[in-house]
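Chains A and B supply the protein sequences, listed in that same order. This note's numbering puts the first residue of the first sequence at 1, with every later residue one more than the last. This note's numbering puts the first residue of the second sequence at 1, with every later residue one more than the last.
Errors might be hidden in some of the hints.
Note that the list lumps identical chains together, so a pair holds whenever it fits in one copy or between two copies.
Taking lysine to any residue pairs in the SDA-like style, the calculated list, with each CA pair at most 20 Å apart, reads [said to hold, decoys possible]:
id, residue 1, residue 2
1, Lys-176, Asp-267
2, Lys-163, Pro-72
3, Lys-70, Arg-5
4, Lys-128, Pro-72
5, Lys-176, Asp-266
6, Lys-163, Asp-10
7, Lys-163, Arg-11
8, Lys-128, Glu-286
9, Lys-94, Ile-9
10, Lys-176, Ile-9
11, Lys-37, Asp-26
FYI, nobody ran anything at the bench for these hints, they're computed from the structure.
There are 2 protein chains.
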Amino acid sequence: MAEIRFDPIDRQTVVIAPERSKRPKDDFDSSKQNSKKCPFCPGNEDQTPPENFNNGDNIKNWTIRSFPNKYPAFTQLENGNNSGIQDVIVESDKHDINMGDFSQKHLRELLTVYKKRFESIKAKKSIKYILLFKNHGLMAGATLEHPHSQMVGLSFIPRNVEKRIAELRKYYNQNKQCYYCRLVDKTEKIFENKYFALIAPPVARFSYETWILPKNHQQHFELSGDEQLSDLAEILLKQIKALNMAQDKPAFNILLNNGLYDSNHDDVFHWNIQIIPRVSFQAGFEYATGMYINQVEPDRAVQELKRNTLLV
Amino acid sequence: MAEIRFDPIDRQTVVIAPERSKRPKDDFDSSKQNSKKCPFCPGNEDQTPPENFNNGDNIKNWTIRSFPNKYPAFTQLENGNNSGIQDVIVESDKHDINMGDFSQKHLRELLTVYKKRFESIKAKKSIKYILLFKNHGLMAGATLEHPHSQMVGLSFIPRNVEKRIAELRKYYNQNKQCYYCRLVDKTEKIFENKYFALIAPPVARFSYETWILPKNHQQHFELSGDEQLSDLAEILLKQIKALNMAQDKPAFNILLNNGLYDSNHDDVFHWNIQIIPRVSFQAGFEYATGMYINQVEPDRAVQELKRNTLLV
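Next comes chain A alone, as it looks inside the complex (with noise of 0.2 Å):
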């Protein structure tokens, strides 16, 4: 059973989940051998819980599918506050694609599949967040190779999620203009279509990390509707490709910073998408100081990206 934890000198939550150490792991080095015992894989069907999204138009015959968290690191939602749903979403059905070779169609219908999945989760009336992510690659803590996304809907509101939203509603009051929009207005572009702009931001905490922010201020991602996922798409290709020119492949987080379920957020918060590549290891500095230490200056960054989509 998953129990959280707070620490009242350095501010920290910890989930205590004992559970998740049950987790299969991929190795890595034999990732091509690994197709018949992958979970994800298809023909594993029953190897997961059952799904709740399978686009195919019979059990076996899909390309994307849903299904919940077969080791969550949270309780289910009957237990009281500390507690959440989580939710894995298999984002192909071939065992070792990187995202960078996905179809911008492809990855279009994944991104609807996305929003259907925030639309269903947050029917619920206990979910307060919800998070959505892709840990790609061993540094980025992916423990199975085979792509996917994970989607956790929380019955309580991230510490960190709530200071960033207190922080905001700062800058908005100082500048009368919400700070994700003032991105949009004062950053160079990497890459920008109808409704999106690509960044790096002014104070990336890894070399490469950038930002993919809606043009106009919208607070959750699941009101975009069929031209913006289209747009959205193209962009997050776009980044993808770029990023794996710029470094080789390497491993990568995605995250999906959306709003609150919460009105009077509404003028400060501004959905976003972060992603942030994982060349380099957290080390005995940064968690001491909770520094970060970037190799690569954004500016230059930015100049490499932005040759880099112009190729790809």
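Starting from the known structure of chain A, arrange chain B on it as the hints suggest.
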């Protein structure tokens, strides 16, 4: 030239340090062949900057030596507020020895070198904070395998350290006792001797995370006398050996959290050592929420490490 940037929303500090990317990196898989080209091995002393400490009776006859970091993240002290001093302390003349295989006498001598370096660095006027840490193993952020520690003297106080001290002050005012003194009193010990207690923190972020706390309230490590350093060598060695048994010689970080050089914090700050094993990667969930997931219940870790300390 390194530059420090601060994120106004997520309140994170990032050091932009392009020079760091020129660091040499060991290929950890073929470490046995590395001692010829390892800059920290005996015989290669000319590959490091001029040393500021050497325990040998001539330049080549050493088992511990110290010198400025060749690839610093911080600029020199002359350059104003965002600056620092960075030292590397080579802990042994043996390229691939694990700290758990150090003799207690050698570890005690290493602690004495730490003490000397703290005294020497804090004597520089502009230094406000000194951090000592060790990265052991690739997953803990080590780029070179040869056992070494690092010291960073900063002309500013990292935000996390400032926040921690503010929380410790609050705790002290509410409870009329230092937080760490309370931990020493109330927490089950894995091991203890006259001067130190080894505990698992109640809100451990990492599986088998442990802390070494001086039993007597003391703000600064370098005030430790000879008897204390002997006890510290004993308890640190016990824990590294016990951890090596529990997790099969894991990568780990050692962080020495020392006090500020400001007598106003004498009552609330209590120096300590954190030993954090690194057997899994921080993933998207952790970055998006700031929460940690720990798969080993701290009380279970205490029982296992306690048994191990009896065997080592």
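Right, here's what the structure says about each hint:
1. Lys-176 with Asp-267: within (10 Å within a copy, 43 Å between copies)
2. Lys-163 with Pro-72: neither (25 Å within a copy, 32 Å between copies)
3. Lys-70 with Arg-5: Neither way: Lys-70 and Arg-5 sit 23 Å apart in one copy and 41 Å across, limit 20 Å.
4. Lys-128 with Pro-72: within (18 Å within a copy, 43 Å between copies)
5. Lys-176 with Asp-266: within (14 Å within a copy, 43 Å between copies)
6. Lys-163 with Asp-10: Answer is both: 14 Å inside a copy and 8 Å across each meet the 20 Å cutoff.
7. Lys-163 with Arg-11: So Lys-163 and Arg-11 pass the 20 Å test inside a copy (11 Å) and across (9 Å) alike.
8. Lys-128 with Glu-286: between (30 Å within a copy, 18 Å between copies)
9. Lys-94 with Ile-9: Neither way: Lys-94 and Ile-9 sit 46 Å apart in one copy and 39 Å across, limit 20 Å.
10. Lys-176 with Ile-9: Between. Shortest inter-copy distance 15 Å satisfies the 20 Å Cα cut-off; intra-copy 34 Å does not.
11. Lys-37 with Asp-26: Classified as within; 10 Å inside a copy, 33 Å across copies.
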